[in-house]
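Chains A and B, in that order, give the protein sequences. Taking numbering that gives the first Met the number 0, the leading residue of the first sequence gets 0, the next gets one more, and so forth. Taking numbering that gives the first Met the number 0, the leading residue of the second sequence gets 0, the next gets one more, and so forth.
Simulated from the structure, these hints should not be mistaken for lab results. Here the structure is a predicted model, which is why all the values come from computation and not from measurement. Treat the hints with care, since some could be wrong.
[Unchecked claim] Okay, the calculated bits of chain A under chain B, using three or more residues with CB under 8 Å as the criterion:
id	stretch
1	99 to 106
2	143 to 149
3	236 to 249
[What the hints assert, rightly or not] Only part of the chain A face toward chain B is listed, based on derived beta-carbon distances under 10 Å:
id	residue
4	R10
5	E13
6	N29
7	Y48
8	L49
9	E54
10	V76
11	G77
12	T80
13	G87
14	P88
15	K221
16	H253
[Claimed, not checked] Heads up, incomplete: computed chain B residues facing chain A, CB under 10 Å, no partners named:
id	residue
17	W48
18	S87
19	F132
20	G135
21	M149
22	L246
23	S247
24	C271
25	G284
26	T322
27	Q331
In this text, a Cβ means the ideal position worked out from N, Cα and C, and glycines have one as well.
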Amino acid sequence: MKTPHAPQLARIVERIQESDDIFTLRLRFNDATMQESYRFRPGQFNMVYLPGAGEVPISISSDPEERTSFAHTIRAVGRVTRGLSRLGPGDEVGLRGPYGRGWPLEEAEGKDVFVITGGLGCAPVVAVIHYVLKRRERFRRLVILQGVKHSHDLIWRASYERWAQAPDTQVLIAANATEALWPWHVGSPIDLVSEARFDPANATCMICGPEGMMVAAAKALKARGMGEADIHVSLERNMQCALGLCGHCQLGGHFVCKDGPVFAWPEVKALLERGGL
Amino acid sequence: MPPSRFLPHSDLQSLLDALAARGYAVIAPQSRDGRIVYEETRRSADLPWGASLEQTAGGSRIHHAGHARCFTWANGPQALKPLLFAPSEPLWRISRQADGYAVKAAETPQRPLAVIGVRACDLAALAIQDRHFLHGPYPDPRYGARREGMLLVAVNCTHPASTCFCVSTGDGPEAKTDFDLALTELDDGFVIEAGSAEGEQILAALSLNAAQPAQTEAAATGIRHAAESQIRALAGRNLHDALMSRLSHPRWQEVAERCLACGNCTMVCPTCFCHAENEQPELDGSSSLHSREWDSCFGERHGYIHGKQLRPEISQRYRQWLTHKLATWHEQFGRSGCVGCGRCIAWCPVGIDITEEAAALLK
Chain A
0 MKTPHAPQLA RIVERIQESD DIFTLRLRFN DATMQESYRF RPGQFNMVYL
50 PGAGEVPISI SSDPEERTSF AHTIRAVGRV TRGLSRLGPG DEVGLRGPYG
100 RGWPLEEAEG KDVFVITGGL GCAPVVAVIH YVLKRRERFR RLVILQGVKH
150 SHDLIWRASY ERWAQAPDTQ VLIAANATEA LWPWHVGSPI DLVSEARFDP
200 ANATCMICGP EGMMVAAAKA LKARGMGEAD IHVSLERNMQ CALGLCGHCQ
250 LGGHFVCKDG PVFAWPEVKA LLERGGL
Chain B
0 MPPSRFLPHS DLQSLLDALA ARGYAVIAPQ SRDGRIVYEE TRRSADLPWG
50 ASLEQTAGGS RIHHAGHARC FTWANGPQAL KPLLFAPSEP LWRISRQADG
100 YAVKAAETPQ RPLAVIGVRA CDLAALAIQD RHFLHGPYPD PRYGARREGM
150 LLVAVNCTHP ASTCFCVSTG DGPEAKTDFD LALTELDDGF VIEAGSAEGE
200 QILAALSLNA AQPAQTEAAA TGIRHAAESQ IRALAGRNLH DALMSRLSHP
250 RWQEVAERCL ACGNCTMVCP TCFCHAENEQ PELDGSSSLH SREWDSCFGE
300 RHGYIHGKQL RPEISQRYRQ WLTHKLATWH EQFGRSGCVG CGRCIAWCPV
350 GIDITEEAAA LLK
């Protein structure tokens, strides 16, 4: 009997340590047919299962057109993610997905793309950055704004430096606290919204990070003249089933796992500004 | 529609026998430890003959009044919900093999149940649970298997509790659809009607007399009196905008000072569907069982996300429960999540009354 709750088995093909507590697992389903037919959109997530420990929802950070494997970038913060951090190539995990609504990439075509991330928020949108850079002709300017608490939390530093050299691409980075020789802004990433070079009337913004930061970013974008419907956010909630059944991820009338995790700002604005919902 | 018939109390056993003969395990209400519980039985004598329930805010007491009826009470703490959406059940198991792991789904439940004594409020709740578990993008196979095999014998409510308010939600006291058979109790038996093809077959096999006009009239009067005797009411069937515009109302804090966050209201609520998924590894590491069990939005772990509690305050959790039930439920299901059964009022250890809270919030 097939049940939507049961995971498929997948094997780790590569493990990359991105920072002290952030790592990337590149995975491939054991079942070759399953791997071949597996498709996802940037912004969607999988339930990743550590045998004997449990499942966690993790967004997919690789390019959707890489068909032989896919990747998850994970911060070791809880029991399951710490366990996953100890796995290496050849080890098996369970996987089911992809789930949820991804980023509105078709809607963004022909427009400026403004990506704002806070902390490890960069993982769900790094897939977007790769997507846009690979299909550069379909989009106009690309602005990448990344904020971290401390400069040592900035992962993919080399990538940001490389992306900054790409045509029509602006990279803005902020850290609230830094080590010596930090070349970028010290302070909140919201400070940098005013420096972004984009056309607020013809842009799509995708934001991922702590909720307070997303609320502040949306406000700053609105102040620059952006329409709220062009602002999209990816939300995190307690997700245990990812099937819209278990109820933990509800935010107002939304089941974040199936109605999101990506929402247009007007859909969730009032709920997030309120907090505690 | 075939005419209704009359089932004397003395022939109730023939209904249980007919259901058992069709392969059903018969579930019927029984008086146990001061409560009405829905459990398996083959004997009509096991039903709560002569029992009455006095339900108040924070209380439910059974009395054995010595009369000859068996449905002179409104509802026990549970009815259909645990029979379809199990309080705790296995989903799948992962085992170590020589060359890796293997995942095996738990066996799908297969025993068909016939439930006697389903109230109109519980049928309304069932329709919501059906929609939640079966009509989304990922239908739940375990709920689906149990639901497919279930036969429903409704009982129209003639003795609502003081905690009942199904008239105000539009869900009772009369069962109108989605049953196989429906009974209305009189002093000496039941007016019985069929609501499905299978119900008609069962009714035909029972060879009962047609109900007399005086009997159907007495049944209608009993239901009408049940409607008229309800003393509680929700102040409207759609409180979405009213409640969502009162998220800062001082009443949330006031009710939080009484609320114990025990989650009883969510456990007895026939529409609450939240459940947690759990992992139970064997001590020797050879396999691990992945299961689920009912969860409550009043609990610490419901809104927990990597080191952060989204709703740390009880006022936020009560607000989450009430605004979900009476407001945002409309966005999800096109109706309120409250069917007026009053269980959350009777089974709240401190007697918090949803109708009273909603009214206070609307002020």
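Hints violated by the structure (listed by number, smallest first): Of the numbered hints given earlier, those the structure breaks are 1, 2, 5, 13, 14, 15, 17, 18 and 21, listed in rising order.
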